[in-house]
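The number in this note's numbering is simply the position in the sequence shown, starting from 1, with 500 added.
No lab work stands behind these hints: they were computed from the structure.
Some hints here could point you the wrong way.
Dumping the calculated BS3-like pairs for lysine-lysine here, alpha-carbon to alpha-carbon at most 30 Å [what the hints assert, rightly or not]:
#1 Lys526 - Lys593
#2 Lys593 - Lys581
#3 Lys588 - Lys573
#4 Lys747 - Lys719
#5 Lys699 - Lys747
Simulated restraints on C-beta separations [to be verified]:
#6 Lys701 - Asn611: 30 to 40 Å
#7 Lys591 - Leu532: 30 to 40 Å
#8 Ile615 - Glu517: 32 to 42 Å
#9 Ser628 - Glu766: 49 to 59 Å
#10 Lys701 - Leu509: 55 to 65 Å
#11 Leu572 - Phe507: 17 to 27 Å
#12 Asp541 - Phe697: 51 to 61 Å
Everything numeric in this text was worked out from a predicted model, so none of it was measured.
Note that CB positions come from ideal geometry on N, CA and C, so glycine has one too.
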Amino acid sequence: MRLNAIFELYEDFDPEEHFSDEDDLKTKLKSLDWYSQKNLDFIKISQYILSNSYLQDLPQDFPIFSSTPLVLKLIDQNDFKEYLKNLKRGKPKVEFAFSHLVDFFLAAGFNGAYIFVDDFERVPDFQSERQKRDFALELRTCLFDGLYTNARTGFYNLLLVLHAGVPRLIQSAWEQSGLEQRSPIFFKGTSKNVIRFEKIKLQDALSLVQKYLQAYRIKEVPADTFSPFNKNAIARIAELSEFNASKILKMAYEVLERAVEQNVAEVDVDFVLSTDEAGQLAEQRQVSGISETATKDLMKESD
501 MRLNAIFELY EDFDPEEHFS DEDDLKTKLK SLDWYSQKNL DFIKISQYIL SNSYLQDLPQ
561 DFPIFSSTPL VLKLIDQNDF KEYLKNLKRG KPKVEFAFSH LVDFFLAAGF NGAYIFVDDF
621 ERVPDFQSER QKRDFALELR TCLFDGLYTN ARTGFYNLLL VLHAGVPRLI QSAWEQSGLE
681 QRSPIFFKGT SKNVIRFEKI KLQDALSLVQ KYLQAYRIKE VPADTFSPFN KNAIARIAEL
741 SEFNASKILK MAYEVLERAV EQNVAEVDVD FVLSTDEAGQ LAEQRQVSGI SETATKDLMK
801 ESD
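Build out the structure end to end from the sequences listed, making use of the hints.
In structure tokens, the structure reads:
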């Protein structure tokens with residue numbers, strides 16, 4: 501926003517003369533001394549930014565209003581973090597995320613953003629049916645038909661990563677809130693907004709472990725090397741991990757640690773099985789479903 505304001509106010513300003521790269525640009529635009537050295541009126545630049553129509557409805561305590569002609573201040577990401585931290589739980593934080601922040605992004609020239617939510621199953625897992633319904637209704641309000649700026653502009657696109665058993669946990673709430681009509685996740689057939697990921701195959705597991713081994717080797721070896729594992733050992737690890745990528749990597753790491761402790765030069769199937777039978781790897785696979793996974797109250801985490 502500062503750079504765009506400079507372009508508008510100083511037509512002869514050439515960025516190639518002042519900035520060597522992106523890091524240099526960021527550093528200088530955050531320095532009041534740099535503006536003074538280049539005869540750029542920071543107050544004038546700030547006033548131009550604040551005249552943007554998207555910023556007119558923001559609350560007066562929003563971070564960008566911290567700088568005044570009497571007290572010049574360069575706002576950065578830390579100011580926004582502190583502002584969010586001090587907001588009261590509930591509606592103020594929701595308004596910040598789905599209205600005020602959207603207005604700020606629009607003023608900066610963005611036309612959309614993605615919100616990526618991993619481990620989404622931890623949200624409904626600890627909720628009662630009523631809480632699930634209230635959550636789904638609030639989500640619909642924020643995304644589609646509420647009074648928030650995001651609902652009016654469709655700025656955010658939400659990407660949820662769901663385990664196979666999650667849809668049934670939220671089906672009733674999803675349908676009652678009306679989200680199923682807007683963003684169906686129980687569509688029979690091919691849905692335009694659902695991407696299904698099948699379990700990886702053996703060759704994928706081999707390639708996965710191989711790439712991680714190659715990335716962390718101290719000495720260079722041929723790219724197709726699996727040492728200290730052999731292919732059969734990796735295949736067995738994949739089977740024991742139900743061909744889940746994260747479990748494969750975690751188990752491979754644990755087996756590798758055991759091999760180092762026991763000074764084993766080559767990890768074969770027998771070593772994997774002997775280690776597993778000894779119960780040393782059981783902990784990572786004892787959680788078999790969402791209902792058994794340790795949960796965290798994300799609402800409390802937002803405080």
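What hint numbers does the structure not satisfy? none
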